[in-house]
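Each chain is listed here by its residues.
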Amino acid sequence: MTELTELTVAAIRKGVAGGDFTAVEVAEAFNANVAAASELNAFIVATPEKAVEAAQAVDAKRAKGEDLGKMGGVPIGMKDLFATNGVQTTAASHMLEGFVPQYESTVSQKLWDAGAGMLGKLNLDQFAMGSSNETSYFGNVISPWRRKDGGNADLAPGGSSGGSSSAVSARLCPAATGTDTGGSIRQPAAFTGITGIKPTYGRCSRWGVVAFASSLDQAGPMARDVTDCAIMLEAMAGFDPKDSTSLDMPVPEWEAGLNPDMKGKKVGIPREYRMDGMDPEILKSWDDGIAWLKDAGAEVVDISLPHTKYALPAYYIIAPAEASSNLARYDGVRYGLRDLPEGAGLQDMYAATRADGFGPEVKRRIMIGTYVLSAGFYDAYYNQAQKVRALIARDFEQAWSQCDVILAPTCPSAAFALGDKTSDPLSMYLNDVFAVPASLAGLPAMSVPAGLNSEGLPLGLQIIGKAFDEQGVLNAGLAIEQRAGFTAKPEAWWK
Amino acid sequence: MSEYRIQGATGEWEVVIGLEVHAQVTSKAKLFSGAATAFGAEPNTQVSLVDAAMPGMLPVPNRECIRQAVRTGMAIDAQINKWSRFDRKNYFYADLPQGYQISQLYHPLVGEGYLDVSLDDKDPENTKRIGVERIHVEQDAGKLMHDQHPTMSYVDLNRSGVALMEIVSKPDMRSPAEAGAYVRKLRSILRYVGSCDGNMEEGSMRADVNVSVRKPGDEFGTRTETKNVNSVRFVMQVIEYEANRQVDVIENGGTVDQETRLFDPDTGTTRTMRSKEDAHDYRYFPDPDLLPLELDDAFLADCRESLPELPDAKRHRYENELGLTAYNAGQLTADVDVYQRYEAILAATAAKVGKSESDVATQVANWVLSVAPGVKNATEDADEANDTTAANAGIIALSAAGTVSGGQAKEIYEIVLKTGREPEEIAETEGLKQNSDTGAIEAVVDEVLANNADKVEEYRGGKDKLFGFFVGQTMKAMKGQGNPAVVNEILKAKLG
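Top to bottom, those sequences are chains A and B. When the letters of the first sequence are read in order and numbered with our numbering, they come out as residues 1 to 495. When the letters of the second sequence are read in order and numbered with our numbering, they come out as residues 1 to 496.
Treat the hints with caution; some may be incorrect.
[Unchecked claim] Derived lysine-lysine pairs resembling DSS-like cross-links, with alpha carbons at most 30 Å apart: (1) B:K89 / A:K363; (2) A:K242 / A:K309; (3) B:K479 / A:K242; (4) A:K242 / B:K476.
[Said to hold, decoys possible] Example chain A residues on the side facing chain B (calculated, C-beta under 8 Å, incomplete): (5) V45; (6) P48; (7) A83; (8) V87; (9) G238; (10) P241; (11) L346; (12) Y382.
[Unchecked claim] According to the in silico footprint, chain B covers these stretches of chain A (three or more CB under 8 Å from chain B): (13) 358-366; (14) 393-404; (15) 468-474.
Treat the hints as calculated values from the structure; they're not laboratory data. Note that beta-carbon positions come from the ideal geometry of N, C-alpha and C, so glycine has one too.
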C-alpha cells in the first residue's frame, strides 16, 4: 500500500470513503510525520488529538453511511492566523502568545464542517508580514528543500505562509490553509514546489482571521496539486454575512469544472513582467509555461500592464497603512501581552507592551503606515497609492479584452537561504514584485510548480485570472501541471 | 431677535457659536455589532467580540442605525447622500478597544440641512434659521471608571460601539439663548422622529460647544471647543463664560488659543483640556473592512414615509385647524410626550361629548397645559398609572357639559390621581356636581334676598359691588354646588 502521507487530498478522500483505510489511520500517519519534523519548525502548536477526533467522527459517519463531506477524512494544517476555538492563536507574535480564542474563524469552521481535521497551527511570518518566515516570534520555518550544492544551507520556505508551504511539501499535511495579502500563498508555494491559489478578494471570509491589511487579505488553499486546491477552495469559500467585504455569490463547483483543455483560450504574457537582470532560469520556466499552454490549445498573446512598476511601492504604502490601524488593538488592555512596568501609566503600558510584543518587521510596517497616514502626508502617499491601485486594476481590465488568463513567474528567484535578505528589507520586499499587482486588483491568482532550477530548487509559474474566474485559473494551472510533470520532492533529511 | 452683545472695555463684542451634538441612535443593537444597547446594564455585559476588538473581528453595519440617521436628516430637510463611506479615526485610549473609532469624515451620510428656532414662546413664527453642516454616524467609546481601585482604572465596554449621530451646526448662532433654543428644537425633532431619546442626563445627547468672539462685522475669531456638555443650561453657561473669558483675554492684549476645553458644572467655568500643540493626528482613512454605504430609492422612500408629522407642521395645524393660540400650539408641540398626551385626550374628549376636535381643542389645551399640571404638582400621592386618557377626557367632558365646575373638576382630578376611580362616579358619590336647576336656585336666591333686605336696598341704591356678596351668599347656601353662570343670571334678574 502507498504510504498514506504521500496521498493527495482527492486520494485520501476517496480512500476513506471507499474503505481502503480509515480516516484515523490517515490522521495518525500525518501526526507521526508532524512529530518527526520538529526541526522544520513548521508548526507552532501540533494538535494530534484534534486530528484524530475529527477522523473518528468521519469514520463514524462512514459506518452510518452518511455523507463524509468535501474534505471528509483529510487532516490539514491551519495557518496560525486563523482563530481556532480553544487552541492558541498567535499570528506568530509574542503579542498574542498564549491567546486562546473563544471563537472559530469562518474559513476554519467551514473546513471542519466539510470533514477536515486539524493537525496543528502552522508557523508564519509575524502578523503575516514577511516573505521568508524569518519574522516569526517562534523562530523561522526551514524549507525541506536543499540546494544540490551539498552546502546544506537552510533555505527560506517563503512567507508569510511558510509553515504551510514547508509542511505540505514535507508531507506533514496533505494541504494547509494560507493567506495572501501580497503574495503570501503564491510565493511560498513556488519556493517549495507546491500549488496555492489566492481566490478573488471576498471569496473567503476574513472573519476570525487576524487582520494584516483588510483590503488585500484573502485566504486560500495550499496543496500538492491543482485538483486538491479546487477541492479545498470549494470548502473554504462562501458568502459570510459577518464580513462586509465578503462576496455574496454562490460558490462554483470548481472541482467538477476542472478542464485542462485550453482550446479557444487566450493567455496573456505581460511584457512589463520581463524585467532587466532577471534570472535566466526564471525566464526559461516562463517560456516552458508558454509552450505547455500552447500545447494545451491556448493562443498566446503579448499584453501590456503599464503600471506594473508602481504596484510594489503602492502596496508598501497601502498594506502598512491598513496594518498600522489594524494592529492598534494590541494594546495590552484586554487580551494578549501586557507589559506593565512598576508605576506605569496608560501610555507607558502601551509603549512597553507594543515595544515588547511586536517584532522589528511589524514595527517597521506600523511606522511606515503611521507615517503615510499622517496629516500632511496622506495625500502624497496614501491617496496617491490608491490612485495607482485603481490604475493597476484598470490595466488588468484592459488586458481582459485581449486574453482570458495571464501567465507570469510567481517570483523573481528560487528560494534563498535564511538570513540572506534579513538585513535588506527592500530586497526582501522585491520578492513580491510579481505577486502584488493581482493582490491590489483583487484578482484570483495561483502558483503551480514548473520544474527545478539548476540548483535543484522548485520554480513556480503564476496564473492570474479575471475577478470571479477561479475556474479559468485552475484550468490553466491544471494544463501546466499535466505537462510540467513535476514529481520532485525534498529528501526527508529532518527525520 | 434682540442682539446679544458683550460690553468690553474696547466696545461691543459679538459671540459666534457652532454646536456639534452627539445623539445616541435609538436602536436595539450597536452600530457594527449585534450587542445590546440598554442603559444602566452591569458593566461589560453588552459586549460582543467585535466591540471588544478581538483579533479577526469585523464590523457589519446595522441597517436600523443608518435608517434612523437618514430619517433624522430628512426631518431637518437635509441632503441625504446616497453614497457615503466610513473612515477610521485612529488614536489610543483604554476606552477605545479597536484603537480607532469608525466614523465618517470624508463622505458623511447626511449633508446640509437646517433648523428654524424661535426665541419667543408667544411668537413662535418669529424664527431664525440655523444651518446644519452635516450629520454623520460613528461609534461611541467605552467608559473608564477610576474609582474602583486605588491604582487601576476599570473599563466598561457596554457603550463601546453604540451608534451616535454627530449633528454639526454651522457657526450661525449669536447668543446663548439661540444655542439653547437650537438644542431644544433639535432634541424635540429627534424625539419626534424617534431616532434618539434626547436624554441628556443619561448622556444620550451631549454637545461640543464651539465659541469665538469678534467685533460685529469682523472676521471670525479663533474658536475654542468645550467638550461633552450635557444640558441646555450648561451649553448656555459655557457660551456665556467662554465669550466673556475670550473678550478678557483679547482686551488684555492676549490671543485666544485654539484648544479643547472642559466644562466644570460646579463652578460654571471652563478650563484647558488640551492645546492645539497636543492635538491628536487622527490619521483618518477609509475603513477597509467596510464597503461604501449605498442607499437605494426604496430604502429612502421607506425612511421618508415613516417620518411623523414634525413639530412645526403640527404647530401650524393646531393653530389653523384646531384654532389654538400660537402660544398653546407651541407649548403642546414642543415635546413628543406632551403632544401625544394632548392628542389622545383630545380625541377621547371629542368622542365623549360628541363634538368635533376643534370644538373642544382649546378647552383640552388649557386642561393639558395648565389645569392638570397644577393639580398634579400639588397632589403628593398621585399615582401616574391613574392619570389615564379616559379619566382626563371624562373630567373635561363633565366640565364641558356644565355638570361640574372648574373647581370641582380639579377636585375630581385630584381624587382620580390618588385612587384611580371613575370621574363620573366621583362626581356622583362625592357630591361634586354643580346645580343648574333654575327653580331650585331661584328659591335659594329668594331666600337670600329676603334675609338681606337691607343689602338689597343698598344695592338698588347704587352700591354695585354688593353683587358679589349676593353671589357668595347664594353659593354658600348651595354648598358651592350652584352653577355660577345660572346663579349670576338669576340674581341679576331678581335684583333688577
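Check: Under the criterion that the straight-line Cα-Cα distance not exceed 30 Å, is the pair K479 (chain B), K242 (chain A) satisfied?
Finding: violated, 75 Å
Checklist line | Hint check: 8 Å Cβ-Cβ cutoff, P241 (chain A) to chain B | finding: This interface hint holds because 7 Å falls under the 8 Å limit.
Check: Does K242 (chain A) pair with K476 (chain B) here, judged by a C-alpha cut-off of 30 Å?
Finding: Between K242 (chain A) and K476 (chain B) the Cα gap is close to 78 Å, so the pair fails against 30 Å, i.e. violated.
Note to self: Interface hint check: L346 (chain A), Cβ to nearest Cβ on chain B, cutoff 8 Å. Holds or violated?
What the structure shows: holds, 6 Å
Notebook entry, point to check: Can V45 (chain A) be said to touch chain B, with a Cβ gap under 8 Å?
Noted result: Constraint on V45 (chain A) not satisfied, violated at 16 Å.
Check: Per the coverage rule (Cβ-Cβ under 8 Å, at least three residues), is the region 358-366 of chain A covered by chain B?
Finding: violated (count 0)
Checklist line | Satisfaction of the V87 (chain A) interface hint, Cβ to chain B closer than 8 Å | finding: Hint on V87 (chain A): violated, closest Cβ of chain B at ~13 Å, above 8 Å.
Margin query: Take the shortest C-beta to C-beta distance between Y382 (chain A) and chain B; is it under 8 Å?
Written below: holds, 6 Å
Check: Against chain B, does the region 468-474 of chain A show at least 3 residues with beta-carbon separation below 8 Å?
Finding: violated (count 0)
Margin query: At least three residues with a C-beta closer than 8 Å to a C-beta of chain B: is that true for the region 393-404 of chain A?
Written below: It is violated: at least three residues are needed, and the region 393-404 of chain A offers just 0 whose Cβ sits closer than 8 Å to chain B.
Notebook entry, point to check: Is the interface hint for G238 (chain A) satisfied, with its Cβ closer than 8 Å to some Cβ of chain B?
Noted result: violated, 15 Å
Notebook entry, point to check: Close enough to count: is the Cβ of A83 (chain A) nearer than 8 Å to one in chain B?
Noted result: At 5 Å from the nearest chain B Cβ, A83 (chain A) passes the 8 Å test, so the hint holds.
When held up to the earlier numbered hints, the structure conflicts with 2, 3, 4, 5, 6, 8, 9, 13, 14 and 15 and fits the remainder.
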